[in-house]
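A.B. asks: Chains as they are written, first to last, in the numbering used here: chain F, 1 to 284; chain V, 1001 to 1274.
Hint data in this document are derived by calculation from the structure and do not stem from the laboratory.
For each residue, glycine too, the CB sits at the ideal point set by N, CA and C.
There may be inaccurate statements among the hints.
Stated by the list, open to error - Partial list, computed: chain V residues near chain F (C-beta under 8 Å): (1) I1074; (2) I1085; (3) Q1089; (4) F1109; (5) E1114; (6) T1138; (7) L1193; (8) A1260; (9) F1263.
Spelled out from the first residue to the last, the chains are:
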Amino acid sequence: MTFDPGPDEASEREPSLVPPPRRGQLGRLGEAAIAAISAARDTYGLFVRSLYYTVRGRREPGAVMRQMYEIGNRSLVFVCIVMGFIGMILVYQGGLQTKRVVPDLSQLGATFLEVLVRDLGASICALMLATRVGAGIAAELGSMAVTEQIDALRLCAADPVDYLVKPRFLASVVMVLVLTVVSSTTAYATGMFGAQVFFGINPRTFVNFALIDAVDVATGLTKCIAYGAAIPLISAQAGFAATRGSEGVGTATTHAVVRSSLAVIALDFLISGAFWVAFGDGSQ
Amino acid sequence: MPDLAPTGLAPTGAARRASSPLAAVGRSVASLVGLVGQIALLGRQMLSALRHGQLDRTELVRQLYKMGWQSLPIVAATALFTGGIMVIQAAPIVQRYGAHGLLGWGAGFGTLREIGPLLTALMISGRVGANNTAELGTMAVTEQIDGLRALAIDPFGYLILPRFLAIIVSAFFATVFADALALVGAAYSGSWLLGVEPELFYSGLTSGLLGFSDVAHGLIKSLVFGWLIALSSCHHGISTQGGAPGVGRSVNATVVTSAAAIFGADYLLSFVIR
Chain F
1 MTFDPGPDEA SEREPSLVPP PRRGQLGRLG EAAIAAISAA RDTYGLFVRS
51 LYYTVRGRRE PGAVMRQMYE IGNRSLVFVC IVMGFIGMIL VYQGGLQTKR
101 VVPDLSQLGA TFLEVLVRDL GASICALMLA TRVGAGIAAE LGSMAVTEQI
151 DALRLCAADP VDYLVKPRFL ASVVMVLVLT VVSSTTAYAT GMFGAQVFFG
201 INPRTFVNFA LIDAVDVATG LTKCIAYGAA IPLISAQAGF AATRGSEGVG
251 TATTHAVVRS SLAVIALDFL ISGAFWVAFG DGSQ
Chain V
1001 MPDLAPTGLA PTGAARRASS PLAAVGRSVA SLVGLVGQIA LLGRQMLSAL
1051 RHGQLDRTEL VRQLYKMGWQ SLPIVAATAL FTGGIMVIQA APIVQRYGAH
1101 GLLGWGAGFG TLREIGPLLT ALMISGRVGA NNTAELGTMA VTEQIDGLRA
1151 LAIDPFGYLI LPRFLAIIVS AFFATVFADA LALVGAAYSG SWLLGVEPEL
1201 FYSGLTSGLL GFSDVAHGLI KSLVFGWLIA LSSCHHGIST QGGAPGVGRS
1251 VNATVVTSAA AIFGADYLLS FVIR
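Next up, chain F with everything else stripped away, as it sits in the complex (with noise of 0.2 Å):
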């Protein structure tokens, strides 16, 4: 006895006579691996296209400014919260480790900024909104994708690119920009206190900027745009992608959370090991 209400509505919608061909290991194998690649071409579509759009299309800062307003301020009290629960837990962590080795912590502050400032300020606000946002992005755009508004668009001559895609993705890589901004400030304030209280370490000693350099701000900002970019652009592909009614924007919505993240955890790796690679540690 089955529940999966998939398969009855499929036939109901699209009556196949001819069943599917039986795929061994290795044909699945390939499916998913030119699923994937499909999948990346019309990512990258999206985004040449939103650049297009982006200089040459319709001018609208209403559109932009709401989604300015859906993507940053609705997520501000979650991300910040998040990220001041990790300040916290990073120095606290971070401080009885470092005990192990070295007993003086008065560089701990200096550390977790840049550490902050390089990677994880700007890496975990963006998985916080690959799921918060992306989600979003992608119930949305796949519920209309169903529903067939997006062919409804298309047949007015409107490119849901533009109409739909543009705003998004200039709102998130601005937003997350700032959201990384604010919620990293969020974190050192709420280490600031945790080394205060655990450790005793005074906040006069707990800021220091020395170990910040141009390098770290540039990886920094690189990520926070990369993110910014790349969530809105993958949730998107994902909801237009979205087929057979509620069903299919769930599925939807679970491929943008998890390829966005997975995208932000790539991105990540890229660009930290770019950065490494060509500018080694920026304090030596």
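Use these hints to put chain V onto chain F, whose structure you have.
C.D. replies: Showing chain V alone in chain F's frame:
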């Protein structure tokens, strides 16, 4: 039979239109408390169902395959990248103290205690939790869960408990797998980017600075994370209302609830278990 779909506290009609900022704060606090209460009730029902042995074992195996085994590729990809990132982030600190032998320790403690369980839980919540909510939600809005009850089949034992257990088991074993792979990824990106031999990396891992307690710390966390993902995913699934758009809303809500719960629990657990 326990009540399956607890009524939501979401205000309707006139209450929703009252828009003073204080009312908005109060409303969001009330709905948050309501959500936590409903999820806690669901957890209690799960425990009592488990104690009475109402569990469909075939369904459990099927869900374990779907949730655990089929998540392995995505967990593996995440873990390998995570290991690389941890090495790159630990590198300047290690070089500053001039101790390449400590790289294994630096990357290892971060991976095992924090980042491994955390990122695995986020991926499981995105892939498994969201998918589970979408399935249960579709069944709820098409009244298939009521249909089960009409056939005198207990929806807890047949439908919800197997998924609940499968999520917890998947999260735990995915974390074991991810920890191991992340350390392998870290060892090889260490030798590629910093010229630290993998042997030196592994000896840094096992030189006594890291103990079994660090591994156990991460694994206990992963059990709690799995429990939270399972609770929030099942709760949002079975209490879905309002047709197809409702399923979308539930999926979104479950992802956000799980992420917030995971980070909150991570914070608390970091202090509770050493």
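A.B. asks: Are the hints correct? Go through all of them and say.
C.D. replies: Going through the hints against the structure:
Below 8 Å, beta-carbon pairs count as interface contacts, and I1074 (chain V) has one with chain F at about 6 Å; its hint therefore holds. The interface hint given for I1085 (chain V) holds, since its Cβ lies 5 Å from the closest Cβ of chain F, which is under the 8 Å cut-off. This hint holds: Q1089 (chain V) has a C-beta 5 Å from the nearest C-beta of chain F, less than the 8 Å allowed. Proximity of F1109 (chain V) to chain F holds as hinted, the smallest CB-CB distance being about 5 Å (cut-off 8 Å).
This hint holds: E1114 (chain V) has a C-beta 6 Å from the nearest C-beta of chain F, less than the 8 Å allowed. The beta carbon of T1138 (chain V) comes within 5 Å of a beta carbon in chain F, closer than 8 Å, and the hint placing it at the interface holds. Taking 8 Å as the C-beta cut-off, the interface hint given for L1193 (chain V) holds, the closest approach to chain F being about 6 Å. At its closest, the beta carbon of A1260 (chain V) sits 7 Å from a beta carbon of chain F; the interface hint therefore holds under the 8 Å criterion.
Hint status for F1263 (chain V) relative to chain F: holds, with the closest Cβ pair at about 5 Å, below 8 Å.
This entry satisfies every hint, going by the numbered hints stated previously.
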